[in-house]
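Visitor: In the order they appear, the protein sequences are chains A and B.
In terms of my numbering, the first sequence opens at residue 1 and continues consecutively.
In terms of my numbering, the second sequence opens at residue 1 and continues consecutively.
Accuracy of the hints is not assured; some may be wrong.
[Said to hold, decoys possible] With a Cα cut of at most 30 Å, we get these calculated DSSO-like pairs of lysine-lysine:
hint: 1; chain 1: A; residue 1: K3; chain 2: A; residue 2: K47
hint: 2; chain 1: B; residue 1: K238; chain 2: A; residue 2: K238
hint: 3; chain 1: B; residue 1: K47; chain 2: B; residue 2: K109
hint: 4; chain 1: B; residue 1: K272; chain 2: A; residue 2: K272
hint: 5; chain 1: A; residue 1: K279; chain 2: B; residue 2: K272
[What the hints assert, rightly or not] Covered stretches of chain A (chain B as the covering partner; in silico rule of three or more C-beta atoms under 8 Å from a C-beta of chain B):
hint: 6; stretch: 15-28
hint: 7; stretch: 217-224
Please keep in mind that the hints were generated in silico from the structure rather than gathered at the bench.
Think of the CB as a built atom: it goes at the ideal place given N, C-alpha and C, for glycine as much as any other residue.
Number of protein chains: 2
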Amino acid sequence: MAKERVCLIGSGNWGSAVGKIVGQNVLKFPALFEPEVRQWVFEEDYKGEKLTDVINREHENPKYLPGIKFPNNVKAVPDLIEACQGASVLVFVLPHQFVRGVCDKLSNKIPSNCKAISLIKGLEIKPDGVTLFSEEISRMLGINVAALSGANIANEVAEEKFCETTIGCRSPADGEMFFKLFNTEYFRVNVIRDYVGVELCGALKNIVAVGAGLSDGLGYGSNTKAAIVRLGLMEMRKFGQTFFGSVEDSTFFESCGVADLITTCSGGRNRKVAEAFAKTGKPIDELERDMLHGQKLQGTLTAMEVHQFLAPRNMTAEFPLFETVYRIIYEGAPVESIVRDICI
Amino acid sequence: MAKERVCLIGSGNWGSAVGKIVGQNVLKFPALFEPEVRQWVFEEDYKGEKLTDVINREHENPKYLPGIKFPNNVKAVPDLIEACQGASVLVFVLPHQFVRGVCDKLSNKIPSNCKAISLIKGLEIKPDGVTLFSEEISRMLGINVAALSGANIANEVAEEKFCETTIGCRSPADGEMFFKLFNTEYFRVNVIRDYVGVELCGALKNIVAVGAGLSDGLGYGSNTKAAIVRLGLMEMRKFGQTFFGSVEDSTFFESCGVADLITTCSGGRNRKVAEAFAKTGKPIDELERDMLHGQKLQGTLTAMEVHQFLAPRNMTAEFPLFETVYRIIYEGAPVESIVRDICI
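So here's chain A without its partners, still in its complex pose (with noise of 0.2 Å):
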């Protein structure tokens, strides 16, 4: 059987993070993987150097992930054609803006048998339907594609500290694969079939964490926390099981669904600028000017597009939690109503 030989297509903070295990796993099982990783790397000016020269002479993304090194059998390529070249692993870690113009580049590049993984953040979700990042490289590639999703801050990956993550894999055959190329001791992977669960999950969290972070802008204590928090790991649920069938109850156990929604409730942008926004009154633009450097929240964002989908359908008192989310920080309604406003 021909080896595997896997190309990273991204090399941001995660991209990098992930490429340090990737580059362990294949030395690992050496029967199973060709010792060479390459890394699409896009190019940059880093202090007058090519970004890729520097990885390449230092084994390490100094702008990315400082300080973390690389083992030597990682190469980063600024070329996405040469990088993809004779793979037949691929791992998407990009942002999603992204992926279209590369599924692009790779159209009719890339062989039917070649296997994909997204670690790809976020959903599509547009008045007309719900598109998974997964199943768009599907559609372009014309390949089958997995999704890695859990409570893995990047930098805590790097340095090595224990945590989780769900792999959603149709093919049992690929799920084994993907499985040495990403478990360690201090990463651990379940695999898991529900695919499209595993990418909702990592989506829809942003929604429950900005309500969680207006409770605690309004002072709200833990108790009250934990119900926004219950509440919103149940309409992820009921979403997933209202527009995807194949969701499964036993997805929301896994670290793609509470363990994330707990680390993402706790900490992270999305309930730090919601705190503000609850305490402040600022309008959510100037938070994320004064706050994210212009950035978008995502899960504001993402509130305005579920509600964008479920209105055409009737639907948004189905899922009081997010639409009270985009009620409070669309269209002025009071922030007590993320307590008043959110059960059935």
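Since the structure of chain A is already known, use the hints to place chain B on it.
Guide: Here is chain B on its own, set in the frame of chain A:
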């Protein structure tokens, strides 16, 4: 149909918070409940007066829930038998060590159609078996007993901060009555049938909180803590399903499950003392003396009881988180094993 006459057995911090709710709720359903709610109060001296006299004059329990007014229809009664006389609904809300003494006194004095609900925290775990207090009361008094548990810190409930709770009750008719007795706008009740799961969660969560506190004490991040909480939730479920076949997956999604676990692992004495254990290396009894005025910590005690229950069954390896907490606290295992040894 005769109206229900409610008696509260217990008047501590939680009993007082619940007394306020029950007192208000019986007045909302005058066709269902008698307006007077009796509360058995263990008589004590309070600043030279009898505590029951103070409660009945001030409509407040200044010793255990100062600053919170009860409705006037809650009547403190120092004699247990008199308090329960004619009652058709008994609410047990007292420390577990008093349950058998109370039931001994009530034995043969309670009609068999009396309904009861246990708000008692904890379980009795001995090497030869696990006893739920609801079942112990049921056995001693010959009546059906439901259970209530959730993410409910008494003071937050008393201040009407929004939260949820779970009632486990086999009889749908009784469940509906208990819903009316406890549910308010700020204290949202879900009734389920799985009373065993409700009670188990309330006790086993404390072991998980010790694990979470050890992680905090070691300075591990939020990913690690979320992983410990999730693995703990899975062991709680496994314990229930292994030793009580009737426990349902869905119970762990209720307030008594995931929400109470989140609260307990983010605040709470179990987490806090365990954090100090990891930081200082002092033995647990010294920390109990210093931090809890000599009171026993629930989570460590439950971890030991669970170990003593599992060991003769050769099943400690099936519950690696519970067992690791026990070994760290009582057998000198390194604190770091809280992440090294908790996966099967």
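Visitor: Work down the list of hints and note, for each, if the structure agrees.
Guide: Outcome of the hint check:
no.: 1; hint: A:K3 to A:K47; in the structure: violated (38 Å)
no.: 2; hint: B:K238 to A:K238; in the structure: holds (24 Å)
no.: 3; hint: B:K47 to B:K109; in the structure: violated (34 Å)
no.: 4; hint: B:K272 to A:K272; in the structure: holds (24 Å)
no.: 5; hint: A:K279 to B:K272; in the structure: holds (28 Å)
no.: 6; hint: 15-28; in the structure: violated (count 0)
no.: 7; hint: 217-224; in the structure: holds (count 5)
Checked against the numbered hints listed earlier, the structure breaks hints 1, 3, 6; every other hint is satisfied.
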